[in-house]
Every structure is written in structure tokens, then in C-alpha cells.
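S.K.: Chain by chain, the residues run as shown.
There are 2 protein chains.
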Amino acid sequence: MTPVTLIDTLGREAREAAQKLALMTTEDKAEAVRAAAQSIRESEAEILAENQKDLDNASDLPAAMQDRLKLDPQRLAGIADAADAIAALPDPVGEVIKTWEQPNGLKFERVRVPLGVVGIIYESRPNVTADAGLLCVMAGNAAILRGGSEAVHSNRALHKAIVAGLEKVGVPGAAVQLVPTQDRAAVGAMLKASGLIDIIVPRGGKSLVARVQEEARVPVLAHLDGICHVYVDGAADPDMAEKIAVNAKMRRTGICGAMETLLIDKAAIEFAPRIIRALLDEGCEVRGDVTVNGMDERVKPAAAEDWDTEYLEPIVSAKMVDGVTGAVEHIAAHGSHHTDSIITDDQAAANRFLAQVDSAIVMHNASTQFADGGEFGFGAEIGIATGRLHARGPVALEGLTTYKTRVLGSGQARPK
Amino acid sequence: MTPVTLIDTLGREAREAAQKLALMTTEDKAEAVRAAAQSIRESEAEILAENQKDLDNASDLPAAMQDRLKLDPQRLAGIADAADAIAALPDPVGEVIKTWEQPNGLKFERVRVPLGVVGIIYESRPNVTADAGLLCVMAGNAAILRGGSEAVHSNRALHKAIVAGLEKVGVPGAAVQLVPTQDRAAVGAMLKASGLIDIIVPRGGKSLVARVQEEARVPVLAHLDGICHVYVDGAADPDMAEKIAVNAKMRRTGICGAMETLLIDKAAIEFAPRIIRALLDEGCEVRGDVTVNGMDERVKPAAAEDWDTEYLEPIVSAKMVDGVTGAVEHIAAHGSHHTDSIITDDQAAANRFLAQVDSAIVMHNASTQFADGGEFGFGAEIGIATGRLHARGPVALEGLTTYKTRVLGSGQARPK
Chain A
1 MTPVTLIDTL
11 GREAREAAQK
21 LALMTTEDKA
31 EAVRAAAQSI
41 RESEAEILAE
51 NQKDLDNASD
61 LPAAMQDRLK
71 LDPQRLAGIA
81 DAADAIAALP
91 DPVGEVIKTW
101 EQPNGLKFER
111 VRVPLGVVGI
121 IYESRPNVTA
131 DAGLLCVMAG
141 NAAILRGGSE
151 AVHSNRALHK
161 AIVAGLEKVG
171 VPGAAVQLVP
181 TQDRAAVGAM
191 LKASGLIDII
201 VPRGGKSLVA
211 RVQEEARVPV
221 LAHLDGICHV
231 YVDGAADPDM
241 AEKIAVNAKM
251 RRTGICGAME
261 TLLIDKAAIE
271 FAPRIIRALL
281 DEGCEVRGDV
291 TVNGMDERVK
301 PAAAEDWDTE
311 YLEPIVSAKM
321 VDGVTGAVEH
331 IAAHGSHHTD
341 SIITDDQAAA
351 NRFLAQVDSA
361 IVMHNASTQF
371 ADGGEFGFGA
381 EIGIATGRLH
391 ARGPVALEGL
401 TTYKTRVLGS
411 GQARPK
Chain B
1 MTPVTLIDTL
11 GREAREAAQK
21 LALMTTEDKA
31 EAVRAAAQSI
41 RESEAEILAE
51 NQKDLDNASD
61 LPAAMQDRLK
71 LDPQRLAGIA
81 DAADAIAALP
91 DPVGEVIKTW
101 EQPNGLKFER
111 VRVPLGVVGI
121 IYESRPNVTA
131 DAGLLCVMAG
141 NAAILRGGSE
151 AVHSNRALHK
161 AIVAGLEKVG
171 VPGAAVQLVP
181 TQDRAAVGAM
191 LKASGLIDII
201 VPRGGKSLVA
211 RVQEEARVPV
221 LAHLDGICHV
231 YVDGAADPDM
241 AEKIAVNAKM
251 RRTGICGAME
261 TLLIDKAAIE
271 FAPRIIRALL
281 DEGCEVRGDV
291 TVNGMDERVK
301 PAAAEDWDTE
311 YLEPIVSAKM
321 VDGVTGAVEH
331 IAAHGSHHTD
341 SIITDDQAAA
351 NRFLAQVDSA
361 IVMHNASTQF
371 ADGGEFGFGA
381 EIGIATGRLH
391 ARGPVALEGL
401 TTYKTRVLGS
411 GQARPK
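In the order they appear, the protein sequences are chains A and B.
Position one of the first sequence corresponds to residue 1 (the UniProt record's numbering), numbered consecutively onward.
Position one of the second sequence corresponds to residue 1 (the UniProt record's numbering), numbered consecutively onward.
Derived by calculation from the structure, the hints in this document are not laboratory data.
Warning: the hint list may mix true and false statements.
You can't tell identical chains apart in this list, so a pair holds if it fits in one copy or across any two.
Result set (EDC-like, lysine to aspartate or glutamate): computed pairs, CA atoms no more than 20 Å apart in a straight line [stated by the list, open to error]:
(1) K98 - E109
(2) K192 - E215
(3) K98 - E398
(4) K416 - E313
(5) K192 - E214
(6) K160 - D81
(7) K98 - D372
(8) K168 - D308
(9) K20 - E270
(10) K300 - E313
(11) K107 - E398
(12) K107 - E381
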């Protein structure tokens with residue numbers, strides 16, 4: 001079977017399953033997700049044995065990647081518990097978003113329905129197989145999963161358990177499909193499967209996301225970069241500014257919501273040095289403009305490309321700007337429309353920043369590390385989108401739905 | 001200048017204008033749209049003279065196309081009045097769609113913001129230059145317009161008047177741009193201008209829409225086909241069924257919401273013949289399955305391709321089906337996810353149809369000809385979308401917006 005024929009077959013089976021899922025009640029979907037969770041628990045021995053095969057093949061990989069790959073009883077229980085949590089989320093499907101009526105008596109109801117078939121292309125982390133697949137099911141969608149070759153045995157074992165769980169309660173196993181080949185041409189076929197796959201969500205490093213965005217003909221929900229800014233206004237509380245700047249960078253440096261550039265109002269010059277020193281003291285490398293360079297001898301000079309770099313490491317670029325206007329201009333030129341935060345006690349300055357910064361998430365007096373579906377209260381997320389269409393920011397159940405309009409008449413014909 | 005460089009330049013100017021428009025108040029945008037309308041009125045002589053040039057060049061075109069092209073004082077006044085109506089529409093921008101709070105005190109506000117830069121690719125009708133361009137402005141977006149070569153003089157004159165009107169009240173003329181060349185490569189450049197153009201809306205015949213959907217890398221809002229169905233259930237009121245079937249087909253046959261296939265429940269066999277005869281009597285050609293063929297000697301046999309054909313003419317295909325299930329199956333196999341209607345007095349049957357038919361618009365006891373932004377009460381529409389993402393059905397001001405999330409804190413750092 002060629003990759004195109006394979007994806008065509010999977011796509012048709014997924015569409016058929018999606019049509020069934022779309023009509024299931026919330027309780028039936030939740031039961032299916034819980035059954036998958038339970039099946040994962042019951043398959044622990046097999047899943048861990050298969051995971052060991054992946055780990056044996058991964059001995060040449062960096063330690064961090066081996067760690068992402070590794071499953072143990074505790075992590076597997078975490079995956080099953082996360083699935084149970086998904087089953088407990090409020091169901092967006094069926095929600096009537098808006099109703100209105102026209103003078104001719106026609107009633108209109110805009111109601112949420114599932115998106116259909118979601119393709120997920122991901123790397124090393126086997127938990128995505130369960131998290132993303134079951135999030136799709138809970139929103140009434142079928143999922144076509146294509147995991148990385150490092151995790152092929154783990155993914156197959158997890159997928160087998162999920163399908164067994166779904167089928168136990170009468171849900172078609174085709175609701176969650178795993179592409180059975182590691183042939184990269186299958187990814188290409190998924191990206192071009194318009195009409196079969198409704199949306200693609202890439203989960204992984206920048207090169208994966210870039211390839212998907214470049215080649216896909218199917219709409220993509222993703223973010224390529226997370227070049228997040230914290231702007232410390234002259235009217236900021238210095239303690240709060242220091243605390244948030246350090247947290248936004250250093251809590252976890254490898255996530256997309258980590259601050260990569262610190263912008264400091266020239267009016268904050270009095271307390272700017274303590275923020276820079278706090279970052280340095282926490283072990284962060286600071287690459288500064290000429291003014292920031294003068295604040296501590298440990299600061300290194302920033303090069304032009306630093307302002308466009310997502311480090312994902314304990315490195316931050318830092319510069320002085322001329323108030324909100326300067327910050328907004330810098331972010332417009334160098335940002336990635338992900339998450340940007342202003343620290344200030346001046347409400348008018350905050351309002352200007354929140355209105356003028358064109359990012360999926362704009363914050364006031366909060367750490368950019370809150371850019372996360374869980375922290376938003378969504379319970380789970382399938383990804384963070386920085387595009388402008390459909391869903392923006394953390395995407396969870398609601399972002400995996402669309403709507404239809406019901407028009408309810410009493411025999412109306414349209415006048416000439 | 002190459003087409004790519006040209007679109008790049010237009011795109012950058014449009015983005016800059018869009019950033020200004022995004023921050024304008026509702027009243028300022030409305031004033032700009034009204035100023036454009038007034039400028040169109042004041043430029044009547046010039047616009048009609050330029051339109052005459054297009055008409056002179058169009059003498060070889062079909063009469064219908066010449067008519068679409070033609071402007072006269074009344075039509076031009078209609079264009080200006082439509083612009084004033086756009087200025088009076090409620091502004092979706094700034095609307096807070098949803099607010100919520102997390103236990104840590106973070107407040108979340110999802111607020112509507114403009115999409116950004118909208119590309120519109122259209123054929124012959126010069127009114128689109130004003131309608132689509134000014135609808136974009138009212139939603140806070142910049143528009144890049146590319147009209148058909150038949151209307152090149154009319155479009156340039158209308159565009160000149162619009163820009164003059166906008167600039168009179170201090171809005172950048174780059175808010176509404178007209179691609180200055182008829183080089184088809186410019187269309188190709190628009191379709192690939194990711195990052196410069198946020199969404200493309202094609203307005204025109206099927207071949208235009210197909211080309212745009214095929215080539216575009218920018219997201220497209222459109223419908224390719226409008227294969228709309230009316231399903232007459234056994235529990236339908238026969239008078240209502242006849243009235244709606246005739247209206248859905250014959251009120252206007254050339255619009256995308258016109259019925260193309262009539263599905264009749266086998267339980268409606270008693271009154272099916274009168275519906276078929278009513279269509280025939282109105283001058284509609286009926287292509288029927290074997291049962292429908294027996295109802296009147298004027299009925300022609302339907303071929304397999306009839307079930308997949310959007311006639312846009314006084315022709316309808318008609319067949320008997322086995323209840324709601326049969327109707328849903330036929331629509332799933334042959335529909336275009338546009339608009340489908342059930343006629344029945346059985347609420348349970350209606351509910352099943354409304355839930356199971358996977359179309360942007362599903363109707364009960366109403367004519368499919370209501371599939372229109374104006375009839376939905378949107379005041380204007382930029383198009384009808386049958387894709388699954390972002391906006392579905394008639395797209396108006398709200399469909400030309402996206403959202404951002406404001407996260408309002410009081411110094412929160414994210415715990416480890």
C-alpha cells in the first residue's frame with residue numbers, strides 16, 4: 001500500500017468513526033475515555049516491555065530525549081489519570097453559542113459540533129498518544145496519530161490498549177488510529193489529505209513544526225516560535241518586576257511560554273540593575289544592549305540575532321526601551337504572536353500594551369509561564385496556536401470543535 | 001516590480017494600515033466607511049465613465065456578464081447606500097466573548113480583535129470592490145482586492161473614490177488596496193503570501209474558487225459547491241413541502257443556496273407527485289429516479305452524475321429515500337456541507353436530521369434560499385464558508401475577526 005493509499009484508508013475509517021462520535025452523548029464519550037484509561041492500566045506490563053525496546057534502541061540519544069521517552073509505572077499511571085481527567089472535562093459539543101430570530105419568524109441557533117478528523121504529528125513523548133488521542137475523542141473527533149520512530153514500540157502498545165478500551169464499550173477502534181508505518185512519506189500524505197483530515201496539530205521541535213507548516217495543505221494549529229517578552233514599565237513595582245522576570249525565564253526555560261527577551265522602560269532605570277542581577281544570580285546568561293551591559297560585568301553584549309532568538313535555555317536578551325510605545329514596537333518587529341506581559345501599576349499603560357500587542361496571549365502583572373492550557377483552566381491542551389484563524393492560544397476541547405447553524409422555520413419561503 | 005515583490009509591498013502597507021484600524025473606535029471606523037460612501041457618490045460621473053470603458057470592451061461577453069458589469073446611477077447609489085448600512089452594523093471588535101478566573105486570582109478575558117489583512121479575489125461585479133473592502137474596514141481589517149480584468153476600469157475608479165474618502169477622515173488609504181496589475185501571477189503571489197495576508201476570500205465562479213483552494217497557502221474562506229438538498233419527510237405538511245420545494249429551487253436558480261436535489265421520503269409517496277408537478281409547472285426540468293419518473297411524463301431520467309451536480313439553473317434532481325436515515329446517507333455521500341433542509345411536522349425526525357447532517361447550515365421547515373448573510377440578519381456578507389474551521393456558513397463582520405486572551409494578574413509567578 002502506498003503512503004497515499006494508506007492515509008486515504010485511515011482517513012475514511014476515521015471519518016466513519018467521527019460520524020459516530022459526533023452523535024455520542026457526553027456520558028458515552030466520557031465512558032469511552034475512561035475505558036481507554038483503564039485498559040492502559042491493565043496493559044502496564046506489555047506497555048513497559050515495549051517501552052524498554054524503544055529505550056534499548058535509544059542508547060545513542062541525548063539523556064534528555066531518553067528521559068522524555070521513558071515510561072515507568074508512575075508515569076503510566078499519570079497517563080491513565082490524565083485520561084480520566086479528560087473524561088471529566090465539560091463537553092463543548094452541543095453547546096448553543098448564540099441564538100437569534102429574524103422578523104420573518106426564522107429562529108437561528110449556532111451550535112458547537114466536533115471538527116471531524118484531527119491529525120497529530122509528534123515526536124518522542126509517548127504520552128501524546130493517549131493525551132491527544134483521547135482529547136480528540138472527548139470532543140467527538142477521530143484522531144490519526146503519527147508518532148516519532150524513537151517511540152514506535154511504546155506508541156503501538158499504548159494505541160493497542162486505547163483501542164481495546166474503546167471497543168470494550170462499543171466505540172469503533174478507528175476513532176483513534178496510529179499510522180502503522182514510520183515511512184516519512186506517510187507524514188507527507190497526511191499533510192496533503194484535504195477532505196480526509198480536517199486539521200493537523202504538530203507537537204514537537206521547531207523543525208517538525210516548520211516542516212508541517214511549510215508542506216501542509218490541511219489547516220495547521222501550531223506555534224513555530226515562542227519568543228515571549230516581559231516589559232517592565234517605569235511604573236512597575238520593583239519587587240513584582242524582579243519576581244516575575246525571574247519566574248518567566250527561569251522556572252522552566254524549555255517551554256514555549258518562557259520569556260526570551262526582557263524589555264525595560266528607560267523610566268525604570270533605577271531598579272533595572274537589580275532585575276538583571278537577579279537573573280544573573282539565578283544562573284541566567286544575560287545578553288544586553290549597551291545600557292544593560294553597564295549594569296553588571298557578567299552581562300554579555302547582545303547581537304542583532306538575539307532579539308529574534310528563542311533560546312529555550314537559561315539565556316535572556318535584555319534591552320532598554322522608550323515606554324509602552326517602544327515595547328510595542330520591539331514586540332511587533334521581533335515577537336512571535338505567542339505571549340507577552342507588561343509589569344506596571346499604571347492601568348492606562350497596561351491597557352495600551354494589552355490593546356496594541358498583537359499576540360495570542362497578552363498579560364498584565366503575570367508571568368508568561370502561565371501560557372498553558374492547564375493554567376488557563378482548560379484541563380488539558382492539544383497545543384498552543386499563534387495563527388490568527390479558528391483558535392488562538394492554548395487549544396483544548398473547545399478549539400477542537402466548530403459550529404453549525406440550525407435554522408428553524410414554520411414553512412417560510414424566501415420572498416422574491 | 002515582480003508580482004511577488006508587488007504583493008510583498010502591498011502586504012506590508014496593508015499590515016501597517018491594519019495595525020491602525022485595529023485600534024480605531026467603532027465610531028471612527030463607521031465615519032471612515034461613510035466617508036468612502038460619500039466619496040463614491042461624489043465620483044459618480046468619473047466612475048460611470050470608467051465603467052463605460054469596461055462595457056465597451058465587454059461587447060463580446062454574454063449578456064448576463066455584461067449586466068453584472070454594468071453600473072448606472074441607481075446601482076451606484078445602491079453601492080454607496082450598502083456602505084452606509086455597513087457603517088451602521090454592530091462592531092464585533094472589542095467584544096469580550098468570555099471571562100473566567102483561576103483559583104490563583106488570574107483573570108482571563110477573551111476579546112475579539114480584527115483578523116488583520118484580508119485578500120479578496122473576485123470576478124466581474126464591481127460592487128465587490130466597495131462591499132468587501134469596506135466590510136473589512138468596519139471589522140478593523142485592511143483589504144487587498146484583486147478584481148477581474150473585465151471590470152478593471154470600474155474597479156480602479158471605485159477604489160480611487162474609496163481611498164479619497166478614507167483619507168479625508170485621516171484613515172490610511174492603504175487600508176483598502178487594489179492590486180494595480182491584471183497579471184495573473186499577482187493572484188498566485190497573493191495565494192502564497194503567508195504572514196502578509198491572513199485570509200483569502202474568493203468571490204466568483206467555481207473555477208476561480210477551485211484554483212484558489214488548490215493553490216493557496218494562505219487560509220481560504222469559501223465554498224466550492226452549493227449542492228443543497230430539501231428532504232420532504234413522510235410527516236411533512238404537503239402544502240408546505242410543495243411551497244418550500246418550489247421556492248428553494250425556483251426563486252433564484254443561480255445562487256449557492258438554491259436546492260439542487262429533492263429527496264422525498266417513500267412514506268410521502270401520496271403527495272410526492274404534486275410536488276414534482278409543481279416544479280415542472282414552474283418550468284423546472286426534473287431528473288428523477290425510477291419512481292419519480294413514473295409521476296409525470298415530463299420527468300427525465302437522472303444519471304449518476306446528477307446527484308453530484310450543482311446546476312445553478314432551473315433543473316433539479318429528485319429521488320425517493322427511506323426516511324431520515326436515507327436522506328442523511330444521500331447527503332453524506334453527495335452533499336457539499338452547505339445548506340440542507342428537512343420539511344416535516346415530526347419534531348423527532350427534524351432533530352435527527354439537524355443533528356446528523358454535517359453541513360454549515362441545517363434547516364427545518366424553511367427554504368434553502370435563506371442561506372444568505374442578509375437573511376441571517378448579518379447586514380452584509382463577505383461570503384459563505386463550507387470549510388470546518390474558523391467560520392462556517394455566511395461570513396460577515398464577526399467572521400472577519402479573531403480573538404486574543406488578556407490575562408490580568410496581580411504579580412503572580414507560576415509555582416515550580
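S.K.: Tell me, please, which holds for K20 and E270 at an alpha-carbon limit of 20 Å: within, between, both or neither?
M.R.: Neither way: K20 and E270 sit 63 Å apart in one copy and 33 Å across, limit 20 Å.
S.K.: For K107 and E381, with the copy left unspecified, which applies at a CA distance of at most 20 Å: within, between, both, or neither?
M.R.: For K107 and E381, only the inter-copy Cα distance (19 Å) is at most 20 Å; the intra-copy one is 34 Å.
S.K.: Within a copy, between copies, both or neither: which one fits K192 and E215 at a CA-CA cutoff of 20 Å?
M.R.: Both: 8 Å inside a copy, 12 Å across copies.
S.K.: At 20 Å max between alpha carbons, let me know whether K416 reaches E313 within a copy, between copies, both or neither.
M.R.: Cα proximity of K416 and E313: across copies only (16 Å, versus 66 Å in one copy).
S.K.: One pair to classify: K160 and D81, alpha carbons no more than 20 Å apart. Within, between, both, or neither?
M.R.: within (18 Å within a copy, 62 Å between copies)
S.K.: For K98 vs D372, is the C-alpha pair at or below 20 Å within one copy, between two copies, both, or neither?
M.R.: Cα proximity of K98 and D372: across copies only (17 Å, versus 27 Å in one copy).
S.K.: Pop the pair K98 and E109 into one bin, within, between, both or neither, using alpha-carbon distances up to 20 Å.
M.R.: both (6 Å within a copy, 18 Å between copies)
S.K.: Is it within, between, both, or neither for K98 and E398, if the alpha carbons may be no more than 20 Å apart?
M.R.: Both: 15 Å inside a copy, 13 Å across copies.
S.K.: Treating 20 Å as the Cα threshold, decide for K168 and D308: within, between, both or neither.
M.R.: Cα proximity of K168 and D308: none, with 50 Å in one copy and 38 Å across.
S.K.: If the cutoff is 20 Å on CA atoms, where do K107 and E398 land: within, between, both or neither? Let me know, please.
M.R.: Between copies only: 19 Å across chains, 24 Å inside a chain, cut-off 20 Å.
S.K.: At most 20 Å between alpha carbons: which applies to K300 and E313, within, between, both or neither?
M.R.: For K300 and E313, the Cα distance is within 20 Å only inside one copy (15 Å; across copies 72 Å).
S.K.: Taking 20 Å as the upper bound on the Cα-Cα distance, should K192 and E214 be classified as within, between, both, or neither?
M.R.: Both. Shortest intra-copy (11 Å) and inter-copy (11 Å) distances satisfy the 20 Å Cα cut-off.
Consistency note: the structure conflicts with the earlier hints numbered 8, 9.
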